[in-house]
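Build the full structure now, drawing on both the sequences and the hints.
2 protein chains.
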Amino acid sequence: MEGPLVLKIHPNDNVVVALQPLPAGTTVLPGIVTRQPIPQAHKIALVDIPAGGAILRYGVLLGHAKADIAQGDWIHEGMLDLPTPPDLDSMRWGTHLVTDLPAPPVSSWEGYRNPAGGFAGTRNYLGISTTVQCVSGVLNVAVERMRRELLPRYPHVDGIVPINHTYGCGVAINAREAHIPIRILQSLARHPNFGGELMVVGLGCEKLTPEMLVGAEDANPDNLILLQEQKGFEGMVHALMEMADRKLARLNERRRESLPLSDLLIGMQCGGSDAFSGVSANPAAGYAADLLVAGGGTVLFSEVTEVRDGVHLLGERCVDEPTMRKLADEMRWYDRYLEAGGADRSANPTPGNKKGGLANIVEKAMGSIAKSGSSPIVEVLSPGERPTKHGLIYAATPASDIVCGPSQLSLGIGVQVFMTGRGTPYGLAAAPVIKVCSRNEMQAQWPDLIDFCAGPILTGEATLPEMGERLFREILEVASGRKQSAAERFHLYNDIAVFNPAPIT
Amino acid sequence: MEGPLVLKIHPNDNVVVALQPLPAGTTVLPGIVTRQPIPQAHKIALVDIPAGGAILRYGVLLGHAKADIAQGDWIHEGMLDLPTPPDLDSMRWGTHLVTDLPAPPVSSWEGYRNPAGGFAGTRNYLGISTTVQCVSGVLNVAVERMRRELLPRYPHVDGIVPINHTYGCGVAINAREAHIPIRILQSLARHPNFGGELMVVGLGCEKLTPEMLVGAEDANPDNLILLQEQKGFEGMVHALMEMADRKLARLNERRRESLPLSDLLIGMQCGGSDAFSGVSANPAAGYAADLLVAGGGTVLFSEVTEVRDGVHLLGERCVDEPTMRKLADEMRWYDRYLEAGGADRSANPTPGNKKGGLANIVEKAMGSIAKSGSSPIVEVLSPGERPTKHGLIYAATPASDIVCGPSQLSLGIGVQVFMTGRGTPYGLAAAPVIKVCSRNEMQAQWPDLIDFCAGPILTGEATLPEMGERLFREILEVASGRKQSAAERFHLYNDIAVFNPAPIT
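First to last, the protein sequences are chains A and B.
Counting along the first sequence from 1, when you hit position 323 you're at 323 in our numbering, and nothing is skipped either side.
Every number in our numbering is 505 more than the matching position in the second sequence, counting from 1.
Note that these hints are calculated values from the structure, not bench results.
There may be inaccurate statements among the hints.
Said to hold, decoys possible - 25 Å max Cα-Cα, derived DMTMM-like pairs, lysine to aspartate or glutamate:
| # | chain 1 | residue 1 | chain 2 | residue 2 |
| --- | --- | --- | --- | --- |
| 1 | B | 859 | B | 840 |
| 2 | B | 859 | A | 441 |
| 3 | A | 354 | B | 723 |
| 4 | A | 354 | B | 582 |
| 5 | B | 513 | B | 582 |
| 6 | A | 355 | A | 110 |
| 7 | A | 354 | B | 734 |
| 8 | A | 66 | A | 344 |
| 9 | B | 860 | A | 344 |
| 10 | A | 355 | B | 723 |
| 11 | B | 859 | A | 48 |
| 12 | B | 831 | B | 849 |
| 13 | A | 231 | B | 946 |
| 14 | A | 354 | A | 441 |
| 15 | A | 354 | B | 722 |
| 16 | A | 354 | A | 110 |
| 17 | A | 355 | B | 734 |
| 18 | B | 859 | A | 316 |
| 19 | B | 860 | A | 211 |
| 20 | B | 859 | B | 615 |
| 21 | A | 355 | B | 825 |
| 22 | B | 894 | B | 849 |
| 23 | B | 859 | A | 217 |
| 24 | A | 483 | B | 739 |
Laid out in structure tokens, this is it:
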């Protein structure tokens, strides 16, 4: 075995992480010998840690040892207590505002200007919004026909995206938190990749009315089909085909143009993380985020339960007090939401996270926030709220990949950058997803599904700035349509799972 | 206009319902003249009702008049207060056990015996369960290939059904109510229409593990594919195709046989109801339910918020005290669930219900429970609990069509009978849905989508027992595969929206 066997992240850490599976009895550092076999990405104690002693990684407290731990021991998820999360009332702001961000090597990209203004599109899709799940069966059949019969006539259109979801009816539409799913669906309808063309399919009796979804002015016959008004299934399909044809003809006129980075909105998310996610993939994404922000671009990061334990560090990066206070409020809201359901943030890590060496949510969160890079946080958004600033933005969403994805999508992201340790074949139909893996082994396992491997950071084959800049260039390649993501190539699209914390009826 | 213009349901009622749109000034009954134009299905006051006076339909209190109502006035949803719901602590049981049910004209049907015992199948599908949404993108691509390349080789298999859902990860898997979605997915995997063949697709790092979904014994390589263990996308598709081929070959041996009605499980649901639903479609379904039960069959009805206001009447039909108490408990659970989200049962009716003449949830519920017919209630099931008895069973689910459908489906229904007033093109991929409309106008609007029109009950062209028996025969025709439902014919399938009252992370 060549090169280092373990990785120490912060000088204060009393653990290191195994870069590869290590047998018991391996000398990993001078005087430090593994006492058990250590799985890849798992932690090894650098010193004896007595019961109750602090376990430190990333220079922060992951938790306290439940029992005595000896130098060279494998430290896994059963062995430490979860510490109290950072206090939200005493958070500071503005004490860590980095201004010397790295300079981006490229300052423009090729996108579709949005007729409504705002961030530009990265693809040219006909998006078909639905008010309610009831219409999805018919719409899916019609979309198949549109793809077969209409799309080939419009070579400048990249595809047709039905926005199917399970909200819209059978829900408490006036409940306290109902504004969250409603806002998400309202924003999805106007995603920049849909070029300002609205096509809305409703049933005619649902609670989420077309007027509520797109506004009374736009809920007009040019944009809206109500299935209850059509003559049978054949009438429905005819109406859908006819409207799609009209919209496709207009979308077919769209062309890319050279745009500044300030027209680009990127979402950062991670899923299926391992203990390397916070060392390779997420820091590379963070470096790319810094380059984007330095060039005038806008980057979202999200996932409340995965920033909760590092939120004090984010507070210090908020540009003003209201931003920091809103960040704290989003954490409080989610703490209460979980508590009402008899859960807390410790419910977040998955069996895969644990197999991947993440001992608890503190360790996962410290890795997760690395994707935000180092730039100041200029805005904090509640779920479904749309960005109004440029720069690094915290958009509160659940951490669940399947729900965070559509939430970020609704805010208008042109590309999602998705960091994974264990691997997930995740994709979104309405925007390209660049999958970034944390280890070379993952890329070897899924060579056709992983778009970008951050593993060379671990092996020392490349530095973090080098990989971050490569990822930045990859983002611009995909955003500009010069490259397809793996998910696009194989048509891998996950459902639009809309966050609905309100009850159904 | 021929025949009666209005319909009075119960001798004690002080309102009638307009059978067709009526202009102001129409004499609808001797001495009763409409004072405003009355939309079809809406209510007309038979007498002067002072402010605070009771408005009675179905012989029950719909609510109290908010202001004076004059004889001949149109009574719509803004005009009455919602009464207190029936008290759950003082409910009686066993005081109304009907024993003289009508005799069924047919006593057998043709179904697929379930190798595991229990209710029989009505279709022969390869069902593909998923542990987590992450795998859906890949699975959907593979299913398309299976349908194209494999299915034509197995003529006795009716289709391939992926059970995609948004549960499985990013959820609080140990939360208080997490057993509900988990139970639903566990049961769906073993639906009788899947012939006992388990095929499970997991990712490999999710919280809902394959062992949790199908049990440790069945989570074996014969039934389980983990995408993280495959070599890239091509490896995943290869593994999926290979397993599907093996399962399809076994399913291809299944044949229908003549079975007693006791092997049949039918679900009753309504959606997009109007004020006729409780007069034509739901009572016809109730009559068919009585015939099924009299013949030894089993019928489920559901939808908590749509029985809440008539629950005292259902209590009287419970065969014993524990059954009644469990019914009350399910109502209490849902009352609290809604309250926690800042809502109550009044959130149930939709704009379409109101357009269709349903003034509030009391009126909707009284129509809704008519689909249970008149037989005794032998069992009450919590969400996701599977039936253990034969006869009429109350299976608690949300009323939302999109959520009630998969909930009933998970319990093993062979056919769902779906009553609609306003019309919804609803369908389930794993079991046929018979759509029954309440009015002739609806069938005229959607002639190809409505399977059965109960409108002749309103026009006097047929009696309730005649239509109920016709519907009973239709259910057996579809269950036996001699007839396809409209949803099957057009491939209209709604998503599997799994009820998850627990938080996500």
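These are the hints, each one checked on the structure:
no.: 1; hint: 859/B - 840/B; result: holds (22 Å)
no.: 2; hint: 859/B - 441/A; result: violated (59 Å)
no.: 3; hint: 354/A - 723/B; result: holds (24 Å)
no.: 4; hint: 354/A - 582/B; result: violated (54 Å)
no.: 5; hint: 513/B - 582/B; result: holds (19 Å)
no.: 6; hint: 355/A - 110/A; result: violated (41 Å)
no.: 7; hint: 354/A - 734/B; result: holds (17 Å)
no.: 8; hint: 66/A - 344/A; result: holds (20 Å)
no.: 9; hint: 860/B - 344/A; result: violated (43 Å)
no.: 10; hint: 355/A - 723/B; result: holds (22 Å)
no.: 11; hint: 859/B - 48/A; result: violated (70 Å)
no.: 12; hint: 831/B - 849/B; result: holds (20 Å)
no.: 13; hint: 231/A - 946/B; result: holds (11 Å)
no.: 14; hint: 354/A - 441/A; result: holds (17 Å)
no.: 15; hint: 354/A - 722/B; result: holds (24 Å)
no.: 16; hint: 354/A - 110/A; result: violated (41 Å)
no.: 17; hint: 355/A - 734/B; result: holds (14 Å)
no.: 18; hint: 859/B - 316/A; result: violated (52 Å)
no.: 19; hint: 860/B - 211/A; result: holds (16 Å)
no.: 20; hint: 859/B - 615/B; result: violated (41 Å)
no.: 21; hint: 355/A - 825/B; result: violated (50 Å)
no.: 22; hint: 894/B - 849/B; result: violated (31 Å)
no.: 23; hint: 859/B - 217/A; result: holds (24 Å)
no.: 24; hint: 483/A - 739/B; result: holds (20 Å)
Of the numbered hints stated above, those contradicted by the structure are hints 2, 4, 6, 9, 11, 16, 18, 20, 21, 22, listed in ascending order.
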